[in-house]
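*Asks:* First to last, the sequence lines map onto chains A and B.
Number 332 marks the last residue of the first sequence (our numbering); no jumps.
Number 373 marks the last residue of the second sequence (our numbering); no jumps.
Everything labelled a hint here was simulated from the structure, so no lab data went into it.
A virtual CB, placed ideally from N, CA and C, is assigned to each residue, including glycine.
Each hint should be verified, as a subset may be incorrect.
[To be verified] Anything over 12 Å on all C-beta distances counts as not near chain A; from chain B, calculated:
hint, residue
1, 15
2, 156
3, 302
4, 321
[Said to hold, decoys possible] Derived pair list, reagent style SDA-like, types lysine to any residue, alpha-carbon separation capped at 25 Å:
hint, chain 1, residue 1, chain 2, residue 2
5, A, 136, B, 139
6, A, 11, A, 136
7, A, 136, B, 49
8, B, 56, B, 156
9, B, 188, A, 34
10, A, 312, B, 139
11, A, 136, B, 21
12, A, 74, B, 30
13, A, 136, B, 56
14, A, 136, B, 188
15, A, 136, B, 14
16, A, 136, B, 191
17, A, 136, B, 353
18, A, 136, B, 20
19, A, 32, B, 191
20, A, 32, B, 139
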Amino acid sequence: MVETLVIPLLKIAVLLNAVLVSVTFMTLLERKIIAWAQSRLGPMRVGPYGVLQAVADPIKLILKEDITPAKADKWMFTLAPILSLVPALVVFSVIPFGAEELFYITDINVGLLFIISVTSIGVYGIILAGWASNSKYPLLASLRASAQLISYEIVVTMTLVSVILTAGTLSMVGIVEAQQEAGLWFGFVQPVAFVLVLIGGLAETNRNPFDMPEAEQELTGGFHTEYSGMRFALFFLAEYANMIVISAVVTVLFWGGWLRPFPSVDALALLDLIPGWIWFFAKMFVFLYLFIWIRATLPRYRYDQLMRLGWKVLIPIAIANVVVTGVAKVLL
Amino acid sequence: MAIEAAPMFDTDELVINMGPQHPSTHGVLRVVLRLDGERVVDADVVIGYIHRGIEKLTENRDWTQIILLTDRIDYVAAATNNLGYCETVEKLMQVEVPRRARYIRTVLAELQRIASHCLWLGTHAMDIGAMTVFLYAFRERELILDLFEEYCGARLTYNSMRIGGLLLDIPSGWDHRVRAFCDVMDEKIPEYEELLTNNRIWLERTRGIGVISGVDATALGLSGPPLRGSGVYRDVRKDEPYAAYDEFEFHVPLGTNGDTYDRYLIRLEEFRQSLRIIRQALDGLPEGPVMGKVPRLIKPPAGETYHAIESPKGELGYFIVSDGRATNPYRLRVRPPSFCNLQGLRPLIIGHMVADVVALIGTIDVVLGEVDR
């Protein structure tokens, strides 16, 4: 009873809270990092150095009026933000933050497949939001979003096949263990795949330079134009939760998850003193930082250029990478 | 046997209103777009949302009070507007402006050009999604506003020039601070370039977008960087020198392709040329009074005149009719570069994507206050 029900539920509760809290602080982090890149201070008013901004924002959003436009499709309009947030949270159940069983909720043997399929559901949230708003700008945005997310999903999924080939397993824990056995992070074995997943991840989370669906300057906020209050906040939470998911997945697949650098070199055994979950979070943070850094630096692609990049450049590379990996696997 | 066309879904053009309240229309411009998917089939540019009747107002103000109104025409380049108006009245009255005043006016106008281009660069880059450039450009614009504040006390609407010269001489040490600013700006321009000029995404978003030939640009009455971007050599500072421009060396950058990227490069080069002009003007700043011999009551002789200057956005002209009796103009008409350049928007955006529309509104650099007046 305790083993099968209480402990998993406790873990879920802790994880869920941790994710939601870290998402609110992600917004603060993003604002701070971008501010530093732009030679300004960022939020400074709420609390010392503005750290309480992360608390003030959700409070503000909860207190705001939650408007449903008169012509909107009410059910879909309510369903859309839920549909985009829930998958982003569900994915965390299979992400191993550490080697011990304490640090992951479950380790299913098709973990990676589970992640791919569950994150795909998130697309519906955006499409439905645009459709249900019954408004032109959100509709345009959701059309873009559906095209963009589906194309880049192909890129990412294709690329992940080569990782699966290298690791020989779909289990997230198994993939990290495979890297331990190989004594090498897969990022060094599969650099092309790593770059592709990173780019695809940026596109799938609608981050700059692929933030077409919400292109503020063109579509006035995109699919969440008509949303306000907490429902708007759910989209926001989903976006940042997805960022964390992508960072976590990249960490697990390419940068050894909880493993220390160079897991096979005994001379660095001293680094084992640092617990695995700290390594994990440190690596994840690097990618989150990278995402924000990219946002502060790059302009935005145009929609058709983005599709061209996806279909004509990234997908062929992804397929070639799978073929090369397969051939190498057979030969070696 | 005839093959029947397969029944298709109905396809409709989507009509959307971009503006008058939209984050990227730089004020209250309204563009009605007819879209086929994301491609613009037709566009209708609607203006007039901030018409304040400035031209009519001038008919009830005396000649000096009008300077204050010209501030509000292109409110991001107030000094240039002051200059254009004052010079037109001086031309009508045939007043000699002291050389020192003409030099200081040139410095002010060029500082204003840099400030206006900074604003343009920031918002244009922001429209295309590069948000950092926006804050970088505004950081430098702030320095210019500080210089203006020190000179005349105002940061946006300066009202700093007078018919016949200037109200104020420069404060002591101001020229050193302008020089220091020029040095800062020299360092900062490469920062913008590093973020944009060779950036692949920036190139893809601007090269080949909004191409207009020199002939078309001339026919549409474009002026300023949008005209020079198409390779047409036309700069009022060179063609009909005013203030003290005939005494300085500078060159007029020209584009070759007439696309958004060329217009971007031209404005960046104009930063450098403006700095060059400012440095020359400060080096050769003559001594003497800053106010010419002007009667206490300004009352130009009957007649009409047109005088144009090169504002940051293009050719800014004033046409003034005086009846010689009243202390106010009989008619004052502004030839605003933004208004004329906005004529080019519709031909530019047809056939492009929605995302390009904001880039193209940015590239012709309009200020709606100047369009509507």
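*Asks:* Looking back at the numbered hints, which does the structure fail to meet, lowest number first?
*Replies:* The structure breaks hints 1, 5, 6, 10, 12, 13, 14, 16; every other hint is satisfied.
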